[in-house]
Amino acid sequence: MSSTSVYPTPINAFKQSKRSVLSIIVDNEPGILARIVGLFSGRGYNIEALNVTVVDIKNNLSRITIETLGEEKVISQIIAQLEKLVPVHSATNLANLSESYEAEICLVKIEFDNNEQDQKILNFADIYRSRTVQKRQNIVVYEISGTSERINKFLDDLNTIGGIKVELVRSGPIGLGI
Amino acid sequence: MDNENEFTGADILLKALKDQEVDTIFGYPGGAVLPIYDAIFGQNFLKHVLVRQEAGAVHAAEGYARSSGKVGVLLVTSGPGVTNVVTGLTDALMDSIPIVCISGQVPSHLIGTDAFQECDTTGITRPCTKHNYLVKDVSKLSETIHEAFKIASSGRPGPVLIDIPKDVQFAKSKYIPKKDISFREHRIKAGSKNVNKNFVEELVNHIKKSERPIFYVGGGCLNSGPQASQELIKLVNKTNIPITTTLHGLGCFPGEDKSSLGMLGMHGNYEANLAMNKCDLMINVGARFDDRVTGRLDAFSPDSVKFHIDIDQSSINKNVKVDFHTNTDITLTLKEINSFIESNNIELEKKDYTNWWGQINDWRKKECLHYEQGEEIIKPQHAISRLYDLTSHKDTFITTEVGQHQMWAAQYYKFSKPNRWITSGGLGTMGFGMPAAVGAQMANPDSLVIDIAGEASFLMNIQEIATAVQYKLPIKIFILNNEYMGMVRQWQELLHGSRYSESYVDALPDFKKLAESFNAVGVRAKNISELDDAINEMVSIDRPVIADIWVDKKENCFPMIPSGAAHHEMLLSKYDKENPENQEKGKVLV
Ligand SMILES: Cc1ncc(C[n+]2csc(CCOP(=O)(O)OP(=O)(O)O)c2C)c(N)n1
Ligand SMILES: [Mg+2]
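In the order they appear, the protein sequences are chains X and G.
Quick note, the first sequence lines up with residues 1 to 178 if you use my numbering.
Quick note, the second sequence lines up with residues 179 to 768 if you use my numbering.
Hints should not be assumed to be uniformly reliable.
Okay, derived cross-link-like pairs now, PhoX-like style, lysine-lysine, Cα gap no bigger than 25 Å in a straight line [unchecked claim]:
#1 499/G to 73/X
#2 690/G to 58/X
#3 732/G to 690/G
#4 196/G to 456/G
#5 328/G to 248/G
#6 690/G to 731/G
#7 314/G to 58/X
#8 484/G to 73/X
#9 356/G to 314/G
#10 484/G to 436/G
#11 135/X to 153/X
#12 367/G to 84/X
#13 84/X to 375/G
#14 387/G to 18/X
#15 731/G to 84/X
#16 328/G to 84/X
#17 318/G to 84/X
#18 196/G to 350/G
#19 456/G to 650/G
#20 755/G to 84/X
#21 84/X to 484/G
#22 387/G to 513/G
#23 73/X to 367/G
#24 367/G to 58/X
#25 84/X to 436/G
#26 356/G to 84/X
Simulated restraints on C-beta separations [to be verified]:
#27 671/G to 54/X: 53 to 61 Å
#28 59/X to 524/G: 32 to 40 Å
#29 54/X to 315/G: 13 to 21 Å
#30 225/G to 100/X: 37 to 45 Å
#31 131/X to 258/G: 36 to 44 Å
It should be emphasised that the hints constitute simulated quantities derived from the structure, not laboratory data.
Glycine included, every Cβ here is placed at the ideal spot set by N, Cα and C.
In isolation and in its complexed conformation, chain X is listed as follows (with noise of 0.2 Å):
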């Protein structure tokens, strides 16, 4: 990755490239999520996963999750660019707390041909507890949620399933600390 200096810095300063998973409590107005993102963009680190939401009408307050991966020293000049800005009350890295809690949730459309295929997927729905939001004579919507990592299984497995059809979209991880 990248140094945040021009020079070429002690090697073994960075190298651990991890993934980390951002928590940040921010004001809810305009341009507040333009400027977050606009933080990573412009540090040329990457996004891999971001999840908006009020979560406080009353204060009028949102909570931004970020999964980003970086080095742990990257990851605490994000942290402390982050709470530079002026609408953001609080960011956290739930890596470095004791006790965090991650889920994330998916919605998989899968379109299939035949029977066989029919009871491979309602056994790995069965296996992965997803629930049906939708099934129709070819196509079934299936609901999963739980930690990204529980996802990404349901999915490879699915994925062993020879000349069925796929279509999803996922949250992104959200988290909390405790």
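Using the hints provided, position chain G with the ligands relative to the given structure of chain X.
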């Protein structure tokens, strides 16, 4: 509906500016700000300075802010008016200068229709402001303006922009005075008011233990206010610790004091850079470990324990990892350090760091700023030295453009007070200095304000002479005319085999005639015998003056730590050759 307690958006803006004690605004009119200009017409507390291009307005506001410690304010129209200030906003963001920019916007119902002179102002300026607003509801205007001033000047200062659609300037609402607004703390981010006692104690303990301590002081010290500088002087005198400053720290500590090692960094003093390299204790006061200062990071001050005082949390551990830090204001922290030393009767005077000072004095013997002034051609260094000698007894403010002349100014002009030195450091904006001088002169009408300029930079905002003439601002433009983009030429000489690609400034105007055509005064020095007279004449004339000083065209600025090199790999003159491996590495850097 018409209520005498209600005012138009334009009037609310003016009321808020008055409430904020703004007496000067730099601006340029256009369709989307006409209601505001109408309101300006009918009042007399606010002096409007009409610049000649909006870039001039923003740099003037910067110069005003830097030289006065107040917030600089500017007013521009929508579309091209505001895109012209993007460079200046970025400049103010990089150098932590508090300014508030008011921009007009097309009427609300036209936003998003590609209306005439519409642009996405908040979108374009988002990455180059500390914060910005699009005000769509006139009832929010008072609060927005007061918050903008608070944000611009709190914590680490910076530029804030308020975009006001034309219909909002006409719409009516109540005015809410500043005193009735309760700011929300999380938005202001003023930094902690509590001094970190543990930091102070650790620092004093380390000072007691250390053999080779150094203060490394930056622009944060300036932004903390003049009191910070007083506390710093006290602390340095008490401890006898050598002090070096960054480009922006110049003036926070008297440059001629025996404890001062001068500026450090790419064109910093030999003794300052070597002391940074060899110290065992570094006390960073409001500096940000900029790449122009650190040189190659893996060789930066390898053996020191590092303390960092900076109000901006994100400056801590950004480029260089430090051992101790605090985010409390510099004045408060330094005050606490001083009183801790006093109240605990810690006798630091006895610790005079004899060996360390001996070592530093040996480095000083290199006389890294030495130059040979011949009989004929003016050496640029000499021009600055003479300017200093002939003006330092006056109350003088120096602004600069960007290039060799800027570095020579930093090296040879000595500052004894903060806020006297106004230069574009972080962004390095050519064309900054002259409008900044206009701003500084507005803030300090009785002082001597000099823009130390290069001929190429000066051409970038030359139109602002007209502003100086119109408002009878007797600024001086002291051009070190080498007919080259000297700094570019120097890099080409050192890194690109002397291939001077496009760095010769051909077809220069006759600066003397140019001055006269603007109704300013032109003076010229072609050789050494004319230099002092030119300077004295320039200073004595109570009008804007352009002094065209012809200097050695091939002179280079030394010392120099080439990009990618370490502090101890400094070049002291053109006879020093750079290690070829560094040269290849350095070429790809900036
Ligand atoms: C707006 C802008 N464009 C380009 C540069 C790159 N640059 C840095 S110094 C310099 C040359 C400046 O020439 P001059 O003003 O004559 O100063 P000198 O170095 O000759 O003293 C240039 C082009 C810059 N700093 N700013
Ligand atoms: Mg030049």
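Against the structure, the hints come out as follows:
1. 499/G to 73/X: holds, 10 Å
2. 690/G to 58/X: violated, 66 Å
3. 732/G to 690/G: holds, 23 Å
4. 196/G to 456/G: Cα-Cα ~52 Å, so violated.
5. 328/G to 248/G: Distance of about 11 Å is within 25 Å: holds.
6. 690/G to 731/G: holds, 19 Å
7. 314/G to 58/X: holds, 21 Å
8. 484/G to 73/X: Given pair residue 484/G, residue 73/X holds - Cα atoms ~18 Å apart, limit 25 Å.
9. 356/G to 314/G: holds, 20 Å
10. 484/G to 436/G: holds, 24 Å
11. 135/X to 153/X: holds, 22 Å
12. 367/G to 84/X: Holds, at about 7 Å.
13. 84/X to 375/G: holds, 24 Å
14. 387/G to 18/X: violated, 39 Å
15. 731/G to 84/X: Answer violated: residue 731/G to residue 84/X is near 45 Å, above 25 Å.
16. 328/G to 84/X: Roughly 14 Å between the alpha carbons, so the hint for residue 328/G and residue 84/X holds.
17. 318/G to 84/X: holds, 23 Å
18. 196/G to 350/G: holds, 18 Å
19. 456/G to 650/G: violated, 50 Å
20. 755/G to 84/X: Judged against 25 Å, a Cα distance of about 44 Å means the pair is violated.
21. 84/X to 484/G: Satisfied, since the Cα-Cα distance of roughly 24 Å is no more than 25 Å.
22. 387/G to 513/G: Holds - the C-alpha atoms of residue 513/G and residue 387/G are around 21 Å apart, at most 25 Å.
23. 73/X to 367/G: Distance ~23 Å between residue 73/X and residue 367/G Cα, so the pair holds.
24. 367/G to 58/X: holds, 23 Å
25. 84/X to 436/G: Distance ~38 Å between residue 84/X and residue 436/G Cα, so the pair is violated.
26. 356/G to 84/X: holds, 24 Å
27. 671/G to 54/X: 53 to 61 Å: Taking Cβ atoms as reference, residue 671/G and residue 54/X lie about 59 Å apart, which means the hint holds.
28. 59/X to 524/G: 32 to 40 Å: With a Cβ separation near 48 Å, residue 59/X and residue 524/G fall outside 32 to 40 Å, so the hint is violated.
29. 54/X to 315/G: 13 to 21 Å: holds, 19 Å
30. 225/G to 100/X: 37 to 45 Å: violated, 56 Å
31. 131/X to 258/G: 36 to 44 Å: Violated, since residue 131/X and residue 258/G (Cβ atoms, about 56 Å apart) do not stay within the stated range.
Comparing the model with each numbered hint stated earlier shows that hints 2, 4, 14, 15, 19, 20, 25, 28, 30, 31 do not hold.
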